[in-house]
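Protein chains: 2
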Amino acid sequence: MLSKATQKWIRSLELKKVRQASGCFLAEGHKLVGDLLFKLPCRLLAGTDAWFDRQTNLPETECHRIDESLLQRLSLLRNPQEVLAVFEIPKDTLQPDALTNQLTLALDGIQDPGNLGTIIRIADWFGIEHIVCSNDTVDAFNPKTVQASMGAIGRVRLSYLDLPAFLTNTPLPIFGTFLDGSNLYDQALPQAALVVMGNEGNGISPEIERLVQHKILIPDYPMGTTTAESLNVSVATAIVCAEFRRRLTTSV
Amino acid sequence: MLSKATQKWIRSLELKKVRQASGCFLAEGHKLVGDLLFKLPCRLLAGTDAWFDRQTNLPETECHRIDESLLQRLSLLRNPQEVLAVFEIPKDTLQPDALTNQLTLALDGIQDPGNLGTIIRIADWFGIEHIVCSNDTVDAFNPKTVQASMGAIGRVRLSYLDLPAFLTNTPLPIFGTFLDGSNLYDQALPQAALVVMGNEGNGISPEIERLVQHKILIPDYPMGTTTAESLNVSVATAIVCAEFRRRLTTSV
Numbered sequence: 001m002l003s004k005a006t007q008k009w010i011r012s013l014e015l016k017k018v019r020q021a022s023g024c025f026l027a028e029g030h031k032l033v034g035d036l037l038f039k040l041p042c043r044l045l046a047g048t049d050a051w052f053d054r055q056t057n058l059p060e061t062e063c064h065r066i067d068e069s070l071l072q073r074l075s076l077l078r079n080p081q082e083v084l085a086v087f088e089i090p091k092d093t094l095q096p097d098a099l100t101n102q103l104t105l106a107l108d109g110i111q112d113p114g115n116l117g118t119i120i121r122i123a124d125w126f127g128i129e130h131i132v133c134s135n136d137t138v139d140a141f142n143p144k145t146v147q148a149s150m151g152a153i154g155r156v157r158l159s160y161l162d163l164p165a166f167l168t169n170t171p172l173p174i175f176g177t178f179l180d181g182s183n184l185y186d187q188a189l190p191q192a193a194l195v196v197m198g199n200e201g202n203g204i205s206p207e208i209e210r211l212v213q214h215k216i217l218i219p220d221y222p223m224g225t226t227t228a229e230s231l232n233v234s235v236a237t238a239i240v241c242a243e244f245r246r247r248l249t250t251s252v
Numbered sequence: 001m002l003s004k005a006t007q008k009w010i011r012s013l014e015l016k017k018v019r020q021a022s023g024c025f026l027a028e029g030h031k032l033v034g035d036l037l038f039k040l041p042c043r044l045l046a047g048t049d050a051w052f053d054r055q056t057n058l059p060e061t062e063c064h065r066i067d068e069s070l071l072q073r074l075s076l077l078r079n080p081q082e083v084l085a086v087f088e089i090p091k092d093t094l095q096p097d098a099l100t101n102q103l104t105l106a107l108d109g110i111q112d113p114g115n116l117g118t119i120i121r122i123a124d125w126f127g128i129e130h131i132v133c134s135n136d137t138v139d140a141f142n143p144k145t146v147q148a149s150m151g152a153i154g155r156v157r158l159s160y161l162d163l164p165a166f167l168t169n170t171p172l173p174i175f176g177t178f179l180d181g182s183n184l185y186d187q188a189l190p191q192a193a194l195v196v197m198g199n200e201g202n203g204i205s206p207e208i209e210r211l212v213q214h215k216i217l218i219p220d221y222p223m224g225t226t227t228a229e230s231l232n233v234s235v236a237t238a239i240v241c242a243e244f245r246r247r248l249t250t251s252v
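As you go down the protein sequences, you meet chains S and Z in turn. If you read the first sequence in my numbering, its first letter stands for residue 1, the second for the next number, and so on. If you read the second sequence in my numbering, its first letter stands for residue 1, the second for the next number, and so on.
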């Protein structure tokens, strides 16, 4: 039996303060829960008989068989998918020295949970192990971010920190996208670097801009003629990450 | 005075059948409405005094000064921004022959309105003038798509059509992304082509797959090792479009 108090707690994991106080977050759906199940400590599983009956191996955790109507009430999704789970938020154990031979993303005030989730998924695809986030970046364990990350949230490590202080102290070259930057394709792109991506509406903040050594632009086409003003931040992140990785693997 | 009937009609533009019957769609916010105002025929403007007082030039159309509370009730956004407008849906006047010297996107069953809006914005950035959509692709004049396109909906032309028939008859080379495709960076990419992007969950449908001559893969990094399963379709669209355009402009 899933007590009323527990039901209420599950729903309240939508709130950052509840996640912070409990150190837990919510993940939903057979695909995502399956991805995270043996990667992160699980505190609770609530799923339909159909879901539980298909599992051959479950971690030791509190399990509740629930019916569709309770699942619907607990779920934050429009179309709940068989199961939801509460996981522990991984401890942030960033060692800045560990980043010195890697490509790392630095997020400066990303606000949209879906964008952050998509960026985490992009990082995962391109083998980027760490994302450092300014303290005003949206919380990565927001349910919308968790869902949009498609399981990448269990693989990519995120650290929230004082971004200007971090960038001031890093030995890595710092790149950032700007509409007045230089053509991405004309730049030397090192294997290890920090790439800063800015807020959806305002871009990179002036304080961070001063710390960026390499301002890059994703050229439009035909160059300089587009009436479009910008690209979505997750789209820009993808193009920049793809180009950093392309340089390492091809001679085209 | 904005009549109750008109208020109800504005709200009902959320529904595809109402948009199709009336040939109109809803756009919101000073930025987006400003972008579209002299691009598409406008049927109605409803905005705050603050918005109207800043306008120096308005098209001839039905104008209503409304207060914040009515704006809030009419708006589909969480945070309404001063104005909403009803525009006429541009007529679809695709001439397939016009595509023969261009890069064109073909969407096969894209379902998420936000993804479609982001793809339209990407097309605009990269100078792609046309997007052809399978008839089961989500409607581009859905308010969520319109908002996500950030004004690009007024510049990029969309056509809904029988996609298999269209692809069967096109003289253009057809590219599509597949997880078992060949490395994007190892392929010759022509200036004029059709690039098919598939449904979020299922990818490109078998019927369309048979018509794709060039299966491409966006390589993960290190190649073949990622535990990520895929990229979001709008992200994949961005990387592929960026690469087609890069080939035309650089020798890196």
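It is possible that some hints are incorrect.
Treat identical chains as interchangeable: a pair holds within one or across any two.
[Claimed, not checked] Pairs of lysine-lysine residues, derived as DSSO-like cross-links and limited to a Cα-Cα distance of at most 27 Å, are as follows: (1) 39 / 144; (2) 215 / 17; (3) 31 / 144; (4) 215 / 4; (5) 39 / 215; (6) 215 / 91; (7) 144 / 215; (8) 16 / 215; (9) 215 / 8; (10) 91 / 8.
These are calculated hints, taken from the structure and not from any lab test. Computed from a prediction, not measured in an experiment: that's the story for all the values here.
Okay, the hints, checked on the actual structure:
In this homomeric assembly, residue 39 and residue 144 come within 27 Å of each other (Cα to Cα) only inside a single copy, at 19 Å, whereas the closest approach across copies is 34 Å. Taking the shortest alpha-carbon separations for residue 215 and residue 17, neither the intra-copy value of 36 Å nor the inter-copy value of 46 Å comes in at or below 27 Å. Taking CA atoms no more than 27 Å apart as the test, residue 31 paired with residue 144 passes in both settings, with 15 Å inside one copy and 26 Å between copies. Taking the closest pair of Cα atoms, residue 215 and residue 4 never come within 27 Å of each other, the shortest separation being 53 Å inside a single copy and 52 Å across copies.
In the homo-oligomer, the alpha carbons of residue 39 and residue 215 never lie at most 27 Å apart, since the shortest distance is 37 Å inside one protomer and 33 Å across protomers. When the C-alpha separation of residue 215 and residue 91 is checked against a cutoff of 27 Å, the pair qualifies neither within a copy, at 33 Å, nor between copies, at 41 Å. Neither within a single protomer nor between protomers do residue 144 and residue 215 lie at most 27 Å apart by alpha-carbon distance, with minima of 31 Å and 32 Å respectively. Proximity of residue 16 to residue 215 under the C-alpha cut-off of 27 Å is found in neither arrangement, the shortest distances being 33 Å within a copy and 43 Å between copies.
Taking the shortest alpha-carbon separations for residue 215 and residue 8, neither the intra-copy value of 47 Å nor the inter-copy value of 48 Å comes in at or below 27 Å. Within a single copy, residue 91 and residue 8 get their C-alpha atoms as close as 25 Å, which meets the 27 Å cut-off; across copies the closest is 50 Å, which misses it.
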